[in-house]
Structure formats: structure tokens, C-alpha cells
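So the sequence lines, in the order shown, correspond to chains H and C. Whatever position you read off the first sequence (first residue = 1), add 6 for our numbering. Whatever position you read off the second sequence (first residue = 1), add 520 for our numbering.
Worth flagging that the hints you see were computed from the coordinates, not collected in a lab. Note that the structure is a prediction, hence the values are computed from the model and not measured. Note that beta-carbon positions come from the ideal geometry of N, C-alpha and C, so glycine has one too. Worth double-checking, as some hints may not be accurate.
[Unchecked claim] Footprint (simulated), chain H over chain C, 3 or more residues, beta carbon under 8 Å:
(1) 534 to 545
(2) 552 to 561
[What the hints assert, rightly or not] Here are the simulated distance ranges between beta carbons:
(3) Leu111(H) / Ile609(C): 44 to 52 Å
(4) Asp102(H) / Gly544(C): 26 to 34 Å
(5) Ala92(H) / Arg625(C): 45 to 53 Å
(6) Ala92(H) / Val528(C): 36 to 44 Å
(7) Leu598(C) / Ser117(H): 53 to 61 Å
(8) Leu594(C) / Leu111(H): 22 to 30 Å
(9) Glu107(H) / Ile587(C): 16 to 24 Å
(10) Ile614(C) / Gln74(H): 26 to 34 Å
(11) Glu107(H) / Leu598(C): 24 to 32 Å
(12) Ala92(H) / Leu594(C): 17 to 25 Å
(13) Leu594(C) / Gln110(H): 47 to 55 Å
Below are the chains, spelled out letter by letter.
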Amino acid sequence: MSAQDERDSAGEGPERELHSGPDSEGHTEPESGAERLAAGLRQRPSRGQLAAGVLLAALGFAAVVQVQSNTQDATYVGARQDELIALINSLSLASDRSENEIAQLQETRRSLLDDTESRQTALERSEQLADERGILAGTLAAAGPGVRVTVTDAGGAVGANNLVNGIQELRDAGAEAIEINGQVRVVAQTAIRDLDEGGVQIDGTRVEAPYVIEAIGSPPTLSGGLQIARGFRDEVLRLEGTVRIEEVDSLELTAVVDPVPPEYAEPAPTE
Amino acid sequence: MIAVLGLVLGVLLGLVLQPDVPIGLQPYLPIAVVAALDAVFGALRAFLDGIFDDKVFVVSFVSNVLIAALIVYLGDQLGVGGQLTTGVIVVLGIRIFSNVAAIRRHLFHA
């Protein structure tokens, strides 16, 4: 056969000897490719087999290495230099954009924080104002140091005039909140008048002796104000009443007035 | 038999060692593998034809790999590496197909 001839001419000595095994048994040269392949697989080691084995080992090794490096990072292996440069450029553009965005968002956050803070400050300020005004207007209960003035009226002669004087003296001495008998809060609109049956009426509430006037302010100043010569105390004593003045570290005025919105007065335009 | 054993041994070595491909070799390894595949299929066809020669196989294997790598290197230097790689792959692919077709005719007579 021509194939066998070529093999003989091209192949080495040992190879031919190897083929002599099956040849001697069946005495037929493998004709088809399949038979030849099977014969090749049954061959004993030869130089040709060894060379092919080494090269195939190298091929298998390289192929596996390549496949693995490919699966490790399939995106950029085999990419050309210019592709990589374009990729890097687009990435750095994207990161620039992101940084800009971050800066903007931080700016926004800062301004929002400032806004919140100023709102918070304004809120606290107005709450504080509301508290102050509430205490002054008598719409909020108040607590603090002050004096408790107890006035008895044995002669039945102590009346609205004396109380008004006393309140006036307390205010003069810096009283910030005044309450009478725990029932009535004395505010700017408070009016006091005598009642025929005894006692006084304060803002529509009947109040009888003994009158207990509680005032929040500096205790020594308040107590001093009430005791000036020919002041409140002297006047009550002259009317055969008694006055007891206690300086108290902690008073609590719980009576409040309902806030009445002004019907006629309105804020005058300020310059 | 040794050839098959060698192939299996090479694959196992690659799987076990898991080496990193050196940066300088990265563009050439895939093309070298394809060129070597071409040589292997050519050798198998020659074996089935009964004209296998180990010397021819070794020389064709090595020269295939070297020439493929050289073409890619040249293409990289000329700035057409990508296109040349594609071209080499196409040519080798056609040869592999024709070789496999011949092998198929030998083995299955179809």
C-alpha cells in the first residue's frame, strides 16, 4: 500500500518493528483509519510517540493555562492597547463625573444642614420667647424664688386699695409673676374691686381674707419694697390687719389666665 | 498511547499548578494554542493517512507556534495586531476544519 510505503520511508526503524507485532499475528496491515488508530494506541513507546506526547503535554498545559487566565479576567485579556486606553479614559471621565456629583451633593447637604440649624435656632428662640411672654401674660404656670405675703384683715378694713398698693409695690420691686390666694393670677388687665359683703373681687373671682399674695422675683428686694415707710405694710397695720412676709426659695404659681386676643389693639407699624 | 498520556498530563499540570500567564506572553498564548491545535490535527490526519512522521510533526508544531506568535507580534508593532490575530485564527480555523474533515472521513468513512 502506498500509505505503508510512505510510512516505511518516513518512519524510523523502531516504528516498523512495532507494527510487526499485529502484522505477524493477523498478517494484515491496518487498512482503515480506525484500525490504524487502534494500533497506534496499542503501540509500545517509541521516539515518535514520545515527541508527540511531549508536544501534546505542552499544548494541553498551554490551553488550560490560557482558558484559566481567560476565565479569571475575561474582560480585558487580549484587549489591545488603544482599547484599554479608551476604556481608561471613559472610566476616568465617569469617575470625574461622579466626583463632581459627590461635591454637589455634599454642598446641598451642607446647605440643608445650615438651613435646618437656623430653623432649629429660630424655633428654640421663639419657644423661649413664648415661654417668657406666657409667664408675663400669666398664661403659663410659673415657678421660682420670691415672697409669700399673708395679710389678715381683723378689722375688715383692708380692701382693694391696699391690695392694689401692695401689688404696685411688688411690681415696683421687680416682681415677675403674682398670684393671690392661689386662685387668681395678677396680670396687666387685672382689676380689683371691693365687695359689699366683704372680701374683694379680682377678675371676677371672689377672694376673701386672709389674702395670700405670692410673687416671684428677688426675695430681699420684694420684701424690702413692701416694708418701706408708709408703704403697704404700714397701711395694713394702721387698718388693724397683720402682714407676714416670708422669703421663699421656691414658689409655684399655678393659676393662669385665659389668653384673650386683643379686640381693638393691633401692633402699630414699626419704623 | 504516550501521546494521549502526554495530553492528559499537560492538562492536569495546568489544572494543578494554575500558573499566571506572563504579561509579555498574554497576546501570543491563545494564538499559539490554536496554531498547535492545527499542527496536532494535521499530525492526526497524517497518522490516519499512514504518513505520520514524528520529525515532521515536531517541526510543524514548533514552526506553527512560532510563526503564529511572530505574526501577532508583527501586527502589534504595526498597530494591526487585533486584525492580524483574527486573520491568523481564521486561517488556522479553516485548516483545522479541513483536517478534522479528513480525519472524520478516515474514522467514519463519511
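These are the hints, each one checked on the structure:
Coverage of a stretch by a chain is defined here by at least three residues with a beta carbon nearer than 8 Å to that chain's beta carbons; for the region 534 to 545 of chain C and chain H the count is 6, and the condition holds. Requiring three or more residues with a Cβ within less than 8 Å of a Cβ of chain H, the coverage given for the region 552 to 561 of chain C holds, as 6 such residues are present. About 48 Å separates the C-beta atoms of Leu111(H) and Ile609(C), a value consistent with the hinted range of 44 to 52 Å. Asp102(H) and Gly544(C) have their C-beta atoms about 32 Å apart, which keeps the hinted 26 to 34 Å range intact.
Checked against the hint of 45 to 53 Å, the C-beta distance between Ala92(H) and Arg625(C) comes to roughly 47 Å, which is consistent with it. Separation of Ala92(H) from Val528(C) is about 42 Å and conforms to the stated range, judged on CB atoms against 36 to 44 Å. Between Leu598(C) and Ser117(H) the Cβ separation comes to about 57 Å, which falls inside the hinted range of 53 to 61 Å. A hinted range of 22 to 30 Å is violated for the C-beta pair Leu594(C) and Leu111(H), which are about 51 Å apart.
For Glu107(H) and Ile587(C), the hinted distance range of 16 to 24 Å is not satisfied, since their beta carbons lie about 52 Å from each other. Distance hint for Ile614(C) and Gln74(H): a CB-CB separation of about 27 Å, consistent with the stated range 26 to 34 Å. Take Glu107(H) and Leu598(C): their Cβ atoms lie about 42 Å apart, and the range 24 to 32 Å is violated. Range check, Ala92(H) to Leu594(C): Cβ separation about 23 Å, and the 17 to 25 Å hint holds.
Between Leu594(C) and Gln110(H) the beta carbons are some 50 Å apart, a value that agrees with the proposed interval 47 to 55 Å.
Hints 8, 9, 11 from the list above are not met by this structure, while the remaining hints are.
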